[in-house]
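S.K.: Going down the list, the protein sequences come from chains A and B.
Numbering of the first sequence is given in this note's numbering, commencing with residue 1 and proceeding in unit increments.
Numbering of the second sequence is given in this note's numbering, commencing with residue 293 and proceeding in unit increments.
Since the hints were derived computationally from the structure, they do not count as laboratory data.
Note that this is a predicted model, so its numbers are computed, not measured.
We put the beta carbon where it would ideally sit given N, CA and C, even for glycine.
Check each hint, because a few of them may be wrong.
Have a look at the derived ranges for each label pair, beta carbon to beta carbon [stated by the list, open to error]:
no.	chain 1	residue 1	chain 2	residue 2	range
1	A	E30	B	D338	44 to 50 Å
2	A	E84	B	T367	33 to 39 Å
3	B	E400	A	I108	31 to 37 Å
4	B	S648	A	G242	54 to 60 Å
5	B	A329	A	Q282	55 to 61 Å
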Amino acid sequence: MQSLVIVAHGSHLNPDSAAPTHAHADTIRETGVFDEVRTGFWKEQPSFREVLRTARGEDIYVVPLFISEGYFTERVIPRELRLEGWDPALWESDGISADTATLVASDIDKEVHYCGPVGTHEAMTDVLIRRAVSVTGDDEVGEGFGFAVVGHGTERNENSAKAIEYHTERIRETGRFDEVRALYMDEEPEVDDVADHFDSEDIIVVPLFIADGYHTQEDIPEDMGLTEDYRTGYDVPAVVDGHRIWYGGAVGTEELTADVILERAADAGADIGDAIARVRQQTKPTTGAVGE
Amino acid sequence: MSLEPTLSDTQLAAFSEALAEGRIDHDGLAADYDADADTYRIETPDRQTTVSAEELPVDAEQAAYISNWYFYTRTVDSEVTWAFCRWLEAAAERPVPDRYAALDAGIEREWGQLGITTTISEDGTRHYELRHVDDGDADATTLTPHTDPFEARDIGTLDAKGRYRPLRTAPSLKQGWIFPDLTADKLYEAVEAFYPATVVNWYREQQGELDVDHWRDEQDRQSGIYNLITVLPDEAVDWAAAACCDDSQCLKRREWQLSDDEPLDAESGDGVFPCREPCSMVVAAGREWAKLEREDTRTYEFELTPSEKAQIEELIDVVADGAVDEIREADVGEGANRYRVRYLREKRVDEQGNLSGTPTDPEDEPDVDHDGD
């Protein structure tokens, strides 16, 4: 029996914070490849402290639904899960290459496979591109389009910028979009001046965030000039300084993110059969722009 | 009893197979197989029979014991669910035949604000109906039916007024829904979705293995911005527990104290499921209060009539008890009535928002008398 445990931040204030976690858990549950899929949160119930005791499998895979390798994934989660002998060095990561570590969780006296966060897995690049498709409603989107991957910046964690740059470079390497740039909320190059950083008339903007909340729904749309007041909403695309801005919101809400969670568990040894392919197919957006 | 317990061929086959491997001793049923004589010896509290395989469809009472064994050992796959289902039908309190009679009528138990009714089919299969306790008397057809246990998560996300419930064990679960017929495993999932980890912690407690982490353990574990709770005074922890963990705020029964040998004075509550450590809400609140407790007290002077002082105290009570909505629009006799409070504001609060015109910080005092000092 194998169990998947998805751990995420959650919120005391905003119910949307946990929404992607639950949605991806449901998607994976429907594939039937895990005997159970559990979710645990820093701010909601069950807590990180108690989520492992809700899992019954012999093989337990813990996947953090977080963007970067840092404070939460390297310190808070292992501490709260009570992973004995945890050391970030076990991931042998340069900040974007965490894989998995197998440790005894003293809460349940069982080994668990503690995986790197979804945000630094290479498959997250595909989710960003999938978001470009879903936000434009165009399966072939790329030519004539610029693509901005937006991150928080290095204010709290230098690895957060590494993850942004990593996916930006990988999207660039596909050659699919005319221009690809990393932009930040609190450092240069800033997302506020998005139009200054692109020649393309059409620019897709996707924040590398797990959930929609204050930053992705209020800050970024207002800072980019998509709207003067986030409460009145914004158009997709919205015209700013002669550019059409296709703003996608937090990439973690894209259904394909469930696939990255599966990839993480598979990398750690979970037997997931053809679930990745099935989720890819199942989560394909139907055509028709999101903003319509 | 009106219920006529029967055994299906599947159940009988499972019973024979199990006995071929060894003795059964389960919940008042003792049975073994004598291979030499090819007979089954079945013992229940009031009866002992020895029968051949052909005679195995035994009488109703023994059939009840066997179907009870089958349900618990063949259809419930975790020891936690097993214990929970037994608690739901008060299995420890009555033998199988009495229990089956009671299950025929339906056994109701409460788990927080959940009302769970267990009923039984003739073959011993349990059926679980789940609804809000306050909907206990409602006609089921007036409630919104659900079958997928994970929908419980969405039901529990917002309260009846559409406000987010960050604490799922708060007594603010909305009404109007029903899971009319769940299996044991699906019931477990629904309860887990409404009240995460409560069943497993209750089970640990039943086993005498609940691991309680007290406030001081919690303080020692914090990092980052929550380090601040290390400076929260001990007496403030008691106020925090009384404020946040009271039954009126959370249905868990608080088992954590200041430390193992430093109990808190605050009420622990009467909840059926335990709270084994300060939750993230208490820690976040504790951080805020740690900031506030760093302030020293000051002496202020306010001009208030006795009724105004009493009104302010009443206002604190009404807000703290979440009873603002119970104050009627025109009931200006109530201290927390909106008109009454607006009147108090007009009279006693100045344009800067200061009560009685007294500044919160003395340095903000209009500097009239001290010019040139």
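S.K.: With reference to the structure, classify each hint as holding or not holding.
M.R.: Hints versus structure:
1. For E30 of chain A and D338 of chain B, the Cβ-Cβ distance of about 48 Å falls inside the hinted range of 44 to 50 Å, so the restraint holds.
2. The hinted window of 33 to 39 Å between E84 of chain A and T367 of chain B holds, with their beta carbons roughly 36 Å apart.
3. As the Cβ distance of E400 of chain B to I108 of chain A is approximately 33 Å, the hint placing it in 31 to 37 Å holds.
4. Distance hint check for S648 of chain B and G242 of chain A: the Cβ-Cβ separation is about 57 Å, which falls inside the suggested range of 54 to 60 Å.
5. Range check, A329 of chain B to Q282 of chain A: about 58 Å between beta-carbon atoms, so the 55 to 61 Å window is met.
Checked against the numbered hints given earlier, this structure breaks none of them.
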